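Colleague: Once you have looked at the hints, place chain E on chain Y.
There are 2 protein chains.
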Amino acid sequence: MSGVLVVGSVALDSVETPFGARDEVLGGSATYFSMAASYFSPVQVVGVVGSDFPDSHVELLQKRRIRLDGLTKAEGRTFRWKGRYCDQMNEAQTLDTELNVFDTFKPVLPGDFRKTPFVFLGNIDPVLQGEVLDQIESPKLVAADTMNFWINGKNADLKATLRRVDLLFVNDAEARALSGERNTVSAAKKILTMGPRAVVVKRGEYGAMLLDAEGFFALPAYPTEKVCDPTGAGDSFAGGFMGFLASVGAVTPAALRQAVAMGTVLASFTVEGFSLDELSRVTLERARERFECLRRMMRLAELPERIEFQSI
Amino acid sequence: MSGVLVVGSVALDSVETPFGARDEVLGGSATYFSMAASYFSPVQVVGVVGSDFPDSHVELLQKRRIRLDGLTKAEGRTFRWKGRYCDQMNEAQTLDTELNVFDTFKPVLPGDFRKTPFVFLGNIDPVLQGEVLDQIESPKLVAADTMNFWINGKNADLKATLRRVDLLFVNDAEARALSGERNTVSAAKKILTMGPRAVVVKRGEYGAMLLDAEGFFALPAYPTEKVCDPTGAGDSFAGGFMGFLASVGAVTPAALRQAVAMGTVLASFTVEGFSLDELSRVTLERARERFECLRRMMRLAELPERIEFQSI
Numbered sequence: 083m084s085g086v087l088v089v090g091s092v093a094l095d096s097v098e099t100p101f102g103a104r105d106e107v108l109g110g111s112a113t114y115f116s117m118a119a120s121y122f123s124p125v126q127v128v129g130v131v132g133s134d135f136p137d138s139h140v141e142l143l144q145k146r147r148i149r150l151d152g153l154t155k156a157e158g159r160t161f162r163w164k165g166r167y168c169d170q171m172n173e174a175q176t177l178d179t180e181l182n183v184f185d186t187f188k189p190v191l192p193g194d195f196r197k198t199p200f201v202f203l204g205n206i207d208p209v210l211q212g213e214v215l216d217q218i219e220s221p222k223l224v225a226a227d228t229m230n231f232w233i234n235g236k237n238a239d240l241k242a243t244l245r246r247v248d249l250l251f252v253n254d255a256e257a258r259a260l261s262g263e264r265n266t267v268s269a270a271k272k273i274l275t276m277g278p279r280a281v282v283v284k285r286g287e288y289g290a291m292l293l294d295a296e297g298f299f300a301l302p303a304y305p306t307e308k309v310c311d312p313t314g315a316g317d318s319f320a321g322g323f324m325g326f327l328a329s330v331g332a333v334t335p336a337a338l339r340q341a342v343a344m345g346t347v348l349a350s351f352t353v354e355g356f357s358l359d360e361l362s363r364v365t366l367e368r369a370r371e372r373f374e375c376l377r378r379m380m381r382l383a384e385l386p387e388r389i390e391f392q393s394i
Numbered sequence: 083m084s085g086v087l088v089v090g091s092v093a094l095d096s097v098e099t100p101f102g103a104r105d106e107v108l109g110g111s112a113t114y115f116s117m118a119a120s121y122f123s124p125v126q127v128v129g130v131v132g133s134d135f136p137d138s139h140v141e142l143l144q145k146r147r148i149r150l151d152g153l154t155k156a157e158g159r160t161f162r163w164k165g166r167y168c169d170q171m172n173e174a175q176t177l178d179t180e181l182n183v184f185d186t187f188k189p190v191l192p193g194d195f196r197k198t199p200f201v202f203l204g205n206i207d208p209v210l211q212g213e214v215l216d217q218i219e220s221p222k223l224v225a226a227d228t229m230n231f232w233i234n235g236k237n238a239d240l241k242a243t244l245r246r247v248d249l250l251f252v253n254d255a256e257a258r259a260l261s262g263e264r265n266t267v268s269a270a271k272k273i274l275t276m277g278p279r280a281v282v283v284k285r286g287e288y289g290a291m292l293l294d295a296e297g298f299f300a301l302p303a304y305p306t307e308k309v310c311d312p313t314g315a316g317d318s319f320a321g322g323f324m325g326f327l328a329s330v331g332a333v334t335p336a337a338l339r340q341a342v343a344m345g346t347v348l349a350s351f352t353v354e355g356f357s358l359d360e361l362s363r364v365t366l367e368r369a370r371e372r373f374e375c376l377r378r379m380m381r382l383a384e385l386p387e388r389i390e391f392q393s394i
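So the sequences go chain by chain: Y and E. Adding 82 to a residue's 1-based position in the first sequence gives its number in the working numbering. Adding 82 to a residue's 1-based position in the second sequence gives its number in the working numbering.
Excised from the complex, chain Y in its bound form:
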């Protein structure tokens, strides 16, 4: 088995933004992740949906050759999330969450999934994240996402999982809450003492920051003018990141930086439409163009030999 394994939610989302509203459209962290990763690498999904989950959604994912053998269909309703983004769309306001079949979700990996080299633990209970790792055999890289709900509510469990994780995705507020540091730079450094050997801080419209053994790397967001719906941006980021890394096959400092950029690119497509509308229409040519645009945005020449005008 090659490629990437993802465990996380597959959901039906209802969302309102200044650009419109959508009702019960395809969503969920594992969904965005797997679609983004599928452009670069084979993807295996572990999750659960209810008996009401539309076949058309399954087909959309299967068309991208995403393996759904680990996606259980349970009696009951699919996980639902309802949210709203106002004005600057930095943060979602959650209006309603129905766990439904996700409430009793127990991740069970089909036998041939257990040898997947790149593993992404979506934003679920850290105890379940640990149970996934128990089923995985000698992975090349384990990455995880988390959120303040687990940082505050299941801190000890989360810390136990973190000791088994190579790379953590967080946002600024999560980095601060997890580390107890006010300063994001200090927070990222502290997280590297908690297990992960790399941390990626996702900053929405401000881009992303990576800290690993090589030091800091920072990347702006892709300069899109068309932010329609930010739902799934973080998971698309992680999917692009992990899919790209799996396609390279080796976790080198240079590849990690390229993975941050590719994650940024995939997230930029996601926010330009509702649900997976734009993400599902990505081509490698378009991804490569945006990657090159980011590279151009970061071009900075060396200083001249002499810059001072006088010595004081």
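Just so you know, the hints here were simulated from the structure itself, not pulled from any lab data. Check before you lean on any hint, since a few could be wrong.
Where chains are identical, the list cannot tell them apart; a pair therefore holds if satisfied intra-copy or between any two copies.
[Claimed, not checked] In silico EDC-like cross-links for lysine to aspartate or glutamate, where the CA-CA straight-line distance does not exceed 16 Å: (1) K271 <-> E307; (2) K241 <-> E173; (3) K188 <-> E213; (4) K272 <-> E307.
Everything numeric in this text was worked out from a predicted model, so none of it was measured.
Modeller: Chain E in isolation, oriented as in the chain Y frame:
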């Protein structure tokens, strides 16, 4: 006359941050600007102080060979600002502002200041910014700062001044307010239709963005762990930017990008102490080191020829 001319406030600041408090210390936009610029280029200051302004502050600036012939000493008290930063220190909460002698300030340029090639119009009334430009003879580059107070209160005057400005410094909120655009990328593009041929969006801990004829450039903040007092960061940024550009002498796309980085570096020193404590201790060696650190943080390798794993 060579170098940079700055018009703006010279002030006594009282500030509280989570790291301590200082009472009536040296501050003001022209002060931070001129100190930062002085590492690269001759600087001429136009401003006003009251009869209570301490000689020691004048001496600090003169030691850096900053020319103060345009700094009038008027009867009365110096401009005072009192503010507080809480928690994440993103934004100052103004507790008190006393304009004092600054209230009737009329910028008058000493004869030999009028030929300064690089001009920075600090954050003052746009009518006064225009009066400075009336006194300037064939500048190489005119840059300006502004704020929501003028964007909202003197919009027509500001727009008249902007038509005479080559480069505008703003933050995200100012860019949006000035342009009427929700999206910062769209806002920056719109500002380029209002007069300036380049715009720099300052984003504090998230770095800075430049838009010019070459397209977008984005730079992270220097990853300092010691943010003690953000007062003057924006003006130090502008000072490092303009001083560096004046030392290069030519406004090329590559030099503009380097100037953004050098502005970022100078701002990083300012925030590490109160008042000008750290900014006044910068050396070119330390500035160069931080510049190189930023360059390393932005290193991103080209994509391999093939990244896809399958064609679908």
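Colleague: With reference to the structure, classify each hint as holding or not holding.
Modeller: Hint by hint, here is what the structure shows:
no.: 1; hint: K271 <-> E307; result: between (33 Å within a copy, 10 Å between copies)
no.: 2; hint: K241 <-> E173; result: neither (26 Å within a copy, 33 Å between copies)
no.: 3; hint: K188 <-> E213; result: within (9 Å within a copy, 71 Å between copies)
no.: 4; hint: K272 <-> E307; result: between (35 Å within a copy, 12 Å between copies)
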